[in-house]
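Enquirer: Just so you know, the protein sequences line up as chains U and Y, in that order.
Following this note's numbering, the numbering of the first sequence begins with 1 at its first residue and continues without gaps.
Following this note's numbering, the numbering of the second sequence begins with 148 at its first residue and continues without gaps.
There may be inaccurate statements among the hints.
Pairwise CB distance ranges (calculated) [unchecked claim]:
no., chain 1, residue 1, chain 2, residue 2, range
1, U, A138, Y, T175, 21 to 31 Å
2, Y, A309, U, D37, 51 to 61 Å
3, Y, T175, U, R136, 40 to 50 Å
4, U, Y104, Y, Q264, 37 to 47 Å
5, U, S35, Y, D173, 33 to 43 Å
6, Y, P324, U, S35, 48 to 58 Å
7, U, L122, Y, G208, 36 to 46 Å
8, U, S35, Y, V154, 57 to 67 Å
9, U, D64, Y, G171, 39 to 49 Å
10, U, A126, Y, D317, 44 to 54 Å
11, U, P27, Y, P185, 30 to 40 Å
12, Y, T175, U, A96, 17 to 27 Å
13, Y, A309, U, S109, 32 to 42 Å
Please keep in mind that the hints were generated in silico from the structure rather than gathered at the bench.
Just so it is clear, the structure is predicted and the values come from calculations on it, not from any experiment.
Heads up, the beta-carbon is just placed ideally off N, CA and C, and yes, glycines get one too.
The residues making up each chain are set out below.
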Amino acid sequence: MSRTILAALVLMVAALAPVAAAEERSPIDNRFDASFDDPKLAARYEALNRELRCLVCQNQSIADSHAPLATDLRRQVHDMLERGATDAEIVGFMTARYGDYVMYRPPFSALTLLLWLGPFLLLGIAGALWWRAVQRRAALPDEPELP
Amino acid sequence: MRWSNAVPLVVLLALVLAFWRGLGRDPTVVPSPLIGRPAPQFSLPSLRDPAVLVTNAELVGQPTLVNVWGTWCVGCRAEHGMLLDLARRGVRIVGLDWKDDALAARAWLVELGDPYQLVAYDATGSVGIDWGVYGAPETFVLDKRGVIRHKHVGPLTAEEVAGTVLPLLDRLAREAP
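Kindly generate the complete structure, drawing on both the sequences and the hints.
Expert: Below is the structure:
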């Protein structure tokens, strides 16, 4: 029995493993030097990069990704910071082009209501069911001792 | 049987439905917020003649396909025949050669045929970012006013062209200018 469960788990993990996409690279390499004179700007740069999703490799932020597009977006963040843009302006620039999807923490809206509140909703339902079960058991008469 | 006994079954069916629908969608396709908006402003040198500028002015007057491509992109080669076919049908296609080597790009058009009325050359990829491009090939369908009406990510397939692109172009051609 436990072996069957183990086999099922292995299969599930295998099915969920990301398929490594063959990455095509442009010959244009926009590598750049992300150095800032102001340590505050450098900190904001790091924080913003962790918030922004790499669209090519969707489970990585642009801080972690080596995809050429991630490099381009990091450079965009860098240049905007150097020009004095606020964090909101930079996030706005990205979402205007790539949608809310580019943010790891999507904004709270009618569309994302279930995403944000779903876990609490499920917790509430589970709590209510548990409470009902406990109440019902308490209401049962003690089982008579069998001879 | 009490009605509440059916709850797990209903939840299961809802989950099956949700996951079934999820299986059908391609997670690599990110919906574009640019649909329904005027195409982002740009001004780029033409691939064929760098002295000539390609701008948004070229994208109005008739429905237009804007095709983002590069010689380094395998999918672009795969869809090239589809673009040539569309051009033969009289569809106006403007190319955006994205983060590419200009010489290789010109050679590609000589070798494979040239479906583009114009090709804008985006060497650094900054215009691609303005258009929300994240992987070539990508194809935008613009109406007569230069508003983005549809976006296809990945190589154009015969199904996509016959089922979506051509009917949409027909509809856009009949719209008031």
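Enquirer: If a hint holds in the structure, say so; if it does not, say that too.
Expert: Okay, the hints, checked on the actual structure:
1. In this structure, A138(U) and T175(Y) break the distance hint of 21 to 31 Å, their C-beta atoms being roughly 53 Å apart.
2. Separation of A309(Y) from D37(U) is about 56 Å and conforms to the stated range, judged on CB atoms against 51 to 61 Å.
3. In this structure, T175(Y) and R136(U) meet the distance hint of 40 to 50 Å, their C-beta atoms being roughly 48 Å apart.
4. For Y104(U) and Q264(Y), the hinted distance range of 37 to 47 Å is satisfied, since their beta carbons lie about 40 Å from each other.
5. Restraint check, S35(U) to D173(Y): a C-beta distance of roughly 38 Å satisfies the suggested window 33 to 43 Å.
6. For P324(Y) paired with S35(U), a C-beta distance near 51 Å keeps the hint of 48 to 58 Å intact.
7. The given range of 36 to 46 Å is broken by L122(U) and G208(Y), whose C-beta atoms sit roughly 54 Å from each other.
8. With their beta carbons about 58 Å apart, S35(U) and V154(Y) fall inside the hinted range of 57 to 67 Å.
9. The hinted window of 39 to 49 Å between D64(U) and G171(Y) is violated, with their beta carbons roughly 29 Å apart.
10. Taking the beta carbon of each, A126(U) and D317(Y) are about 53 Å apart, inside 44 to 54 Å as hinted.
11. For P27(U) and P185(Y), the hinted distance range of 30 to 40 Å is satisfied, since their beta carbons lie about 31 Å from each other.
12. Restraint check, T175(Y) to A96(U): a C-beta distance of roughly 21 Å satisfies the suggested window 17 to 27 Å.
13. In this structure the supplied range 32 to 42 Å holds for A309(Y) paired with S109(U), their Cβ-Cβ distance being about 36 Å.
Hints 1, 7 and 9 from the earlier list are contradicted by this structure; the remaining hints agree with it.
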